[in-house]
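S.K.: Chains as they are written, first to last, in the working numbering: chain L, 1 to 312; chain V, 313 to 586.
Calculated from the structure, these hints are not laboratory results. Any given hint could be a false lead.
What the hints assert, rightly or not - In silico SDA-like pairs for lysine to any residue, Cα to Cα no more than 25 Å straight-line:
#	chain 1	residue 1	chain 2	residue 2
1	V	Lys389	V	Gly335
2	V	Lys453	L	Arg273
3	L	Lys275	V	Gln402
4	V	Lys436	L	Ile78
5	V	Lys427	L	Ala141
6	V	Lys453	L	Val212
7	V	Lys453	L	Val217
8	L	Lys275	V	Gly461
9	V	Lys436	L	Val171
10	V	Lys393	V	Gly508
11	V	Lys453	L	Ala264
12	L	Lys275	V	Gly409
13	L	Lys275	V	Lys427
14	L	Lys275	V	Lys393
15	L	Lys275	V	Thr405
16	L	Lys275	V	Asn457
17	V	Lys389	L	Ile78
18	V	Lys389	L	Glu161
Unchecked claim - Some chain L residues close to chain V (C-beta under 10 Å, calculated; not the full set):
#	residue
19	Tyr30
20	Ser124
21	Glu162
22	Ala164
23	Thr219
24	Lys275
25	Ala278
26	Glu279
27	Ala281
What the hints assert, rightly or not - Residues from chain L that keep clear of chain V, each with C-beta distances beyond 10 Å, as calculated:
#	residue
28	Asn6
29	Leu91
30	Ala100
31	Gln210
By construction, the Cβ of each residue, glycine as well, lies at the ideal position given by its N, Cα and C atoms.
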Amino acid sequence: MLEILNYDFMQRALIAATAVGLTAPAIGTYLVQRRQAIMGDGIGHVAMTGVALGFLMNTSPVWMATLVAILGAVGMEIVRSRGRTSGDVALAMLFYGGMAGGVMIINLAPGNSTASFNTYLFGSITTVAPEDVTAICILAAFVVAITIGLRRQLFAVCQDEEFARVTGLPVRLLNLLIAVTAAVTVTVAMRIVGLLLVSAMMAIPVAAAQRVTRGFVTTLALAMTIGVTVSLTGTAATYYVDAPSGAAIVLLAVAVFLVLALLAAPLARRRARSKAAAEAAEASGSPDAVDALDSMECTLPSARQAEENVKV
Amino acid sequence: MDHEEPEAREPVISLTGARATLGSRPVLRGVDLTVRRGEVVALLGANGSGKSTAVRAAVGQVPLSGGSLQLFGTDLKRFRKWSRIGYVPQRTTAASGVPATVREVVSSGRLARTKLGLPGRGDKAAVQRALELVGMADRIKDSVNALSGGQQQRVLIARALAAEPELLIMDEPMAGVDLANQEVLAGALREQVADGVTVLLVLHELGPLEPLIDRAVVLRDGCVTHDGPPPKAAASTPPSSQLRSSRGYPQPGHDHVHPHDGPGAEPIRTGLLS
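Start from the sequences and build out the full structure, keeping to the hints where you can.
M.R.: In structure tokens form, the structure reads like this:
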């Protein structure tokens, strides 16, 4: 088993896998918290244009992808913060424009770039170049510093944005920071997991962790642990099985999710029962239960106003 | 508490001639709302009357197309001391896409003071105190997802109290909250008012808070139609089915004691109805 450590390319692949396992679930926890897990997918699509530009201009695809992904993520954040109904159409254009741009540019690039382009889509353990390792480590350190160091502030912004603004936090800045961090994570992950599967590593470890956790920080920590475990295991597995590493890692993450969901099923049932019991006790103790329902219904129009009027 | 005439105290919120639109629909059409230090003001009105928009405008969360807003005598643009304000937005849940403990949610209210820095011992103590005020200290390690709607609302109010604000602004704090939890919230609010905290709250009906309210401002179609003593028995809210039991006073099967009835109860402030 340890003989895989004798190969330089495997050492690099395992370092990159550790970076992916730490960063993708870390930023993913915040994206899942505000039900925006799909954002990673969109940034991945946009980053394709960056990778292709890197090939075309013979510069490092990693840095070019980082640049384009950040521009795309900031664009998505602006669309999100405006909260317009036409927002999803704007996002679709950004996502698929980015993907089409990548495919178009890669065909203009000289040589056999199309084959190596595929390794960026689904990940590959053999392609992590020595200079990539440096870039990946620097970018991963940035992501971990933001997601751990600012966890209280980012938690507040993702939990309840309007409340966070009234506490005087620089919410607009923190939102941009989340977008930039997500973009950087995509480029950290693209070598090992691939641009089309990166979103899975942002969402699945978090979904798996929250089957058994009660708090935010414990979810964050467990998601990162699961992330590192599956990405190291998946990377090692593709040394023996000739398959894209991203596919192996994501399948392992799904397996971990299923195992935890099964193990936690009795726990979830017990929690649901005790919550239902608490609410039933309150409802029966309250002659106002019907009125309470009335007033909940009555508040709906104002709730809708609140959404329409989101201002950042 | 001081005994000056309320008119002599300095205003903490002054919303003057406020106008706001949602899309092309005018929601506020020149609303004047002044809340002075130590007052407890209820904002009443039918659905769609603009009361929620008015209160969100008062914390700078709705852009005004006309008029002005001053908080603690400072124009909104230059106002920075947000820790003086505790805000409870209108929500029916404290939960989000990822589990969070009661402590984590309430601690985020403390960010008004710690900002980008690290929390210290005093911050942890303030979170604990805020939870004790709403009677949720024993649930501090629990997930908010495991709480009932009324308990979640208590957690959200503790989150606002964690910053130890001078002004509490609450948007429908009683919506969807059962009577027992309403009484707990009324008790917590009574303590805050006794400590001199100013309160502005949107209410659908006065309910158990009625004895606390000094003044009611009634909105209709984005205009103020009443500013003065609170109407008796929530007469301003049209659906008459709610008048029946809206006062929150003893009902069959509901036998707890009102705190202000007890002999040792602290004197509540001199509201018009108390």
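S.K.: For each hint, tell me whether it holds in the structure or not.
M.R.: Tested hints:
1. A distance of roughly 23 Å separates the Cα atoms of Lys389/V and Gly335/V; the hinted pair therefore holds under the 25 Å criterion.
2. Distance restraint check for Lys453/V and Arg273/L: the Cα-Cα separation of roughly 19 Å lies within the 25 Å cut-off, and the hinted pair is therefore satisfied.
3. At roughly 22 Å between alpha-carbon atoms, Lys275/L and Gln402/V fall within 25 Å of each other, so this suggested pair holds.
4. For a cut-off of 25 Å, the pair hint linking Lys436/V to Ile78/L is broken: about 35 Å separates their Cα positions.
5. Proposed proximity of Lys427/V and Ala141/L is supported: the alpha carbons are some 23 Å apart, at most 25 Å.
6. Straight-line distance between C-alpha atoms of Lys453/V and Val212/L comes to about 14 Å, which keeps the hinted pair within the 25 Å bound.
7. Between Lys453/V and Val217/L the alpha-carbon distance is near 12 Å, which keeps this suggested pair within the 25 Å criterion.
8. Of the pairs offered as hints, the one joining Lys275/L and Gly461/V holds, with about 10 Å between alpha carbons and a cut-off of 25 Å not exceeded.
9. Distance hint between Lys436/V and Val171/L is fulfilled; the C-alpha atoms sit about 23 Å from each other, no more than 25 Å.
10. For the proposed pair Lys393/V and Gly508/V, the alpha carbon gap of about 18 Å is at most 25 Å, so the pair holds.
11. Straight-line distance between C-alpha atoms of Lys453/V and Ala264/L comes to about 19 Å, which keeps the hinted pair within the 25 Å bound.
12. Restraint check for Lys275/L and Gly409/V: satisfied, since their Cα atoms lie roughly 18 Å apart, inside the 25 Å limit.
13. For the proposed pair Lys275/L and Lys427/V, the alpha carbon gap of about 34 Å is over 25 Å, so the pair is violated.
14. Under the criterion of a C-alpha separation no larger than 25 Å, the hint pairing Lys275/L with Lys393/V is inconsistent with the structure, at around 38 Å.
15. The suggested pairing of Lys275/L with Thr405/V holds, with an alpha-carbon distance near 14 Å, which does not exceed 25 Å.
16. Only pairs whose Cα atoms come within 25 Å are accepted, and Lys275/L paired with Asn457/V is accepted, the gap being roughly 9 Å.
17. Proximity of Lys389/V to Ile78/L is assessed by CA-CA distance (about 22 Å); at most 25 Å being required, the pair is judged to hold.
18. Distance hint between Lys389/V and Glu161/L is fulfilled; the C-alpha atoms sit about 19 Å from each other, no more than 25 Å.
19. The interface hint given for Tyr30/L is met, as the beta carbon of that residue sits about 8 Å from the closest beta carbon of chain V, less than 10 Å.
20. Interface hint at Ser124/L: violated, since its Cβ lies 31 Å from the closest Cβ of chain V, which is beyond the 10 Å cut-off.
21. For Glu162/L, the interface hint holds, the least distance from its beta-carbon to any beta-carbon of chain V being 5 Å, beneath 10 Å.
22. For Ala164/L, the shortest C-beta to C-beta distance to chain V is roughly 7 Å, which falls under 10 Å, so the interface hint holds.
23. Hint status for Thr219/L relative to chain V: holds, with the closest Cβ pair at about 5 Å, below 10 Å.
24. Taking 10 Å as the C-beta contact cut-off toward chain V, the hint placing Lys275/L at the interface holds, the least distance being around 5 Å.
25. Checking Ala278/L against chain V by beta carbon gives a least distance of about 5 Å; that is within 10 Å, so the hint holds.
26. The beta carbon of Glu279/L is positioned within 10 Å of a beta carbon in chain V (closest approach about 5 Å), and the interface hint is therefore held.
27. Using the Cβ-Cβ criterion of 10 Å, the hint placing Ala281/L at the interface with chain V is satisfied: the shortest such distance is roughly 9 Å.
28. Residue placement check: Asn6/L keeps its beta carbon more than 10 Å from all beta carbons of chain V (closest about 40 Å).
29. For Leu91/L, the condition that its CB be more than 10 Å from all CB atoms of chain V holds, with the nearest at approximately 19 Å.
30. Non-interface call for Ala100/L relative to chain V: holds, since the shortest CB-CB distance, roughly 31 Å, exceeds 10 Å.
31. Residue placement check: Gln210/L does not keep its beta carbon more than 10 Å from all beta carbons of chain V (closest about 5 Å).
Of the numbered hints given earlier, the model fails hints 4, 13, 14, 20 and 31; all others are met.
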